[in-house]
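Engineer: Model the placement of chain Y on the given structure of chain W, informed by the hints.
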Amino acid sequence: MQFSKEDVRKVAKLANLDLTEAEVERMAHDMAEVLTHMEQLSTLDTSAVQPMAQVLFEAPATASLREDAVRDRTLLGTEEALHNSALSGAGHFKVPRVIER
Amino acid sequence: MENLGNMSIAQVKDGLRTKQFSALELAREAVRFAEAENSKTNGYLTFSPELAEEAAILVDAKIARGEDPGLLGGVPIAVKDVLSTKGVRTTCASRLLEKYVPAYDATAVERLKNAGALIIGKANCDEFAMGSSNENSAFGAVRNPVALDRVPGGSSGGSAAVVAQGTAVASLGSDTGGSIRQPASFCGVVGVTPTYGRVSRYGLVAFASSLDHVGPFARNVSDAAVVLEAIAGRDELDATSAFAPVDDYQTEMRKPVAGMKIGIPKEYFEGLEAETGDKIHAGLDVLRKLGCEIKEVSLPHTPYAISCYYIICTAEASSNLARYDGVRYTARAEAATLTDMYAKTRGEFFGMECKRRIMLGTYVLSHGYYDAFYLKAQKVRTLIAGDFSNALKDVDALVAPVSPFPAFKIGEKMADPMQMYLSDIYTITGDLAGIPCMSVPCGKTAEGLPVGMQIFSGHFRESTMFRLAYAFEQAGGVA
Chain W
1 MQFSKEDVRK VAKLANLDLT EAEVERMAHD MAEVLTHMEQ LSTLDTSAVQ
51 PMAQVLFEAP ATASLREDAV RDRTLLGTEE ALHNSALSGA GHFKVPRVIE
101 R
Chain Y
1 MENLGNMSIA QVKDGLRTKQ FSALELAREA VRFAEAENSK TNGYLTFSPE
51 LAEEAAILVD AKIARGEDPG LLGGVPIAVK DVLSTKGVRT TCASRLLEKY
101 VPAYDATAVE RLKNAGALII GKANCDEFAM GSSNENSAFG AVRNPVALDR
151 VPGGSSGGSA AVVAQGTAVA SLGSDTGGSI RQPASFCGVV GVTPTYGRVS
201 RYGLVAFASS LDHVGPFARN VSDAAVVLEA IAGRDELDAT SAFAPVDDYQ
251 TEMRKPVAGM KIGIPKEYFE GLEAETGDKI HAGLDVLRKL GCEIKEVSLP
301 HTPYAISCYY IICTAEASSN LARYDGVRYT ARAEAATLTD MYAKTRGEFF
351 GMECKRRIML GTYVLSHGYY DAFYLKAQKV RTLIAGDFSN ALKDVDALVA
401 PVSPFPAFKI GEKMADPMQM YLSDIYTITG DLAGIPCMSV PCGKTAEGLP
451 VGMQIFSGHF RESTMFRLAY AFEQAGGVA
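Those protein sequences? They're chains W and Y, same order as listed. Going by the numbering used here, the first residue of the first sequence is number 1, and it counts up by one from there. Going by the numbering used here, the first residue of the second sequence is number 1, and it counts up by one from there.
The following block holds chain W by itself, in its conformation from the complex (with noise of 0.2 Å):
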């Protein structure tokens, strides 16, 4: 299987990440060859078979659900949940400017 240049920058623009120009090329040659194996499950039937997202345990279809509560475990000050943002101001997560005016 072929994976362009065009290809890698293509994807990366997807996926919001910068690459280098020598990124993009070992990319391109990484991808090439691990898609290119990948490409042998095309040779599997599974025309009959369902597919797998997830590993499932015998309970009650239910019995994951939980009262809609609030839980001391979980529950973040806004301090506690800004602590680690890159910048931050006023109470909230700052990031570049998005609307013009």
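Don't take every hint at face value.
[Claimed, not checked] Derived pair list, reagent style DSSO-like, types lysine-lysine, alpha-carbon separation capped at 27 Å:
{"hint": "1", "chain 1": "Y", "residue 1": "Lys344", "chain 2": "W", "residue 2": "Lys94"}
{"hint": "2", "chain 1": "W", "residue 1": "Lys5", "chain 2": "Y", "residue 2": "Lys413"}
{"hint": "3", "chain 1": "Y", "residue 1": "Lys99", "chain 2": "W", "residue 2": "Lys94"}
{"hint": "4", "chain 1": "Y", "residue 1": "Lys40", "chain 2": "Y", "residue 2": "Lys444"}
{"hint": "5", "chain 1": "Y", "residue 1": "Lys393", "chain 2": "Y", "residue 2": "Lys295"}
Worth flagging that the hints you see were computed from the coordinates, not collected in a lab.
Structural biologist: Okay, now just chain Y, sitting in the frame of chain W:
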């Protein structure tokens, strides 16, 4: 504490009970020893003496009051740096999270604390647990304590190395495609990947959510089983965590193995190094002598496992890693617009393997390729899981090698990602099926490199697996 580097959980408990040392003395000495020895392997990224001493003070107080200090009371333990530790930086071995300090504990960490464990530090790993050699850490590779020019395996390389080196009594790791068992085999320790859902993933930084498992490393089977017992069980904060009761592994593992039926999957004995194969066959002889009945079985979809796994795990990873956008998680590269800031932050702070997996995952999920790659892989996953349930109808457990070869040299496989991915062939299948599996030491090659024997059993049948592993270990294993 002269044998600190070789202590078992039982010895820690004995020492505390007979007042040879206090938990506080042990905490201080364990941290001091781990820090002093760390330059040899780079197994630890962060030490947490405050956490260890706080826990030790509680343990000492309980002992003084004549109370039970807990299942892991006073036991020095390392935690892989992808598990959130409240107040202790959790980097995922990534520059992106170099300064990230979680506001909460992972459930597995909280349960270690509740059991009285002394968490002495955070173990190095591959960046976001992506890798098979621990060379993808942004903070330097980990060296294998058994042979310092070799890799410890990955991605939980640090967790395996510190237990092998003696700078922790036990540790926690995570396993998405072999990241506990393969490093355990390379370093010559016990590593356990429990059933999917057996241990809560709450607070485990997500790599591939449908495949991620938390599990223990230890220097013997009993210790690994104790740590698993402490962290296992339903957690309402992880909807995929299972309700099945947790067995009393200490009792279950001591039951006899005579008459147990063991399957050897023939596909797992093709294409491995001869010396590794010889050791596993010697291990099977030990099990035969213990009265196990051994027969060949087939897991026919094994040749498709690498493709299936690397489609599913990269797809899930590309989605899980989307949260690192330069807003919430410490690292940001400055740019004039929001979208440029996202792309620049991710480009600047993610390492090459993370980028590769984000790219592959984005591609296999993208319009026009979803059915051919992602959906197809999910169907093949059904077939691979079906192989195991078919085989396990006739036998109690499966035994196979963990890796086709022992620990390789640092740098040897870094140039070719496909070669690195192929080295996971015998371990990724267990994660895809979600069944419990483990690595138990099975002798050393002529060069002195450890070989690991893998045991698989059915969903929630960890006890069966521990029984075989314990009997094998008690019988002396393989030289």
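Engineer: Of all the hints given earlier, name the ones this structure violates by number, lowest first.
Structural biologist: Of the numbered hints, all hold.
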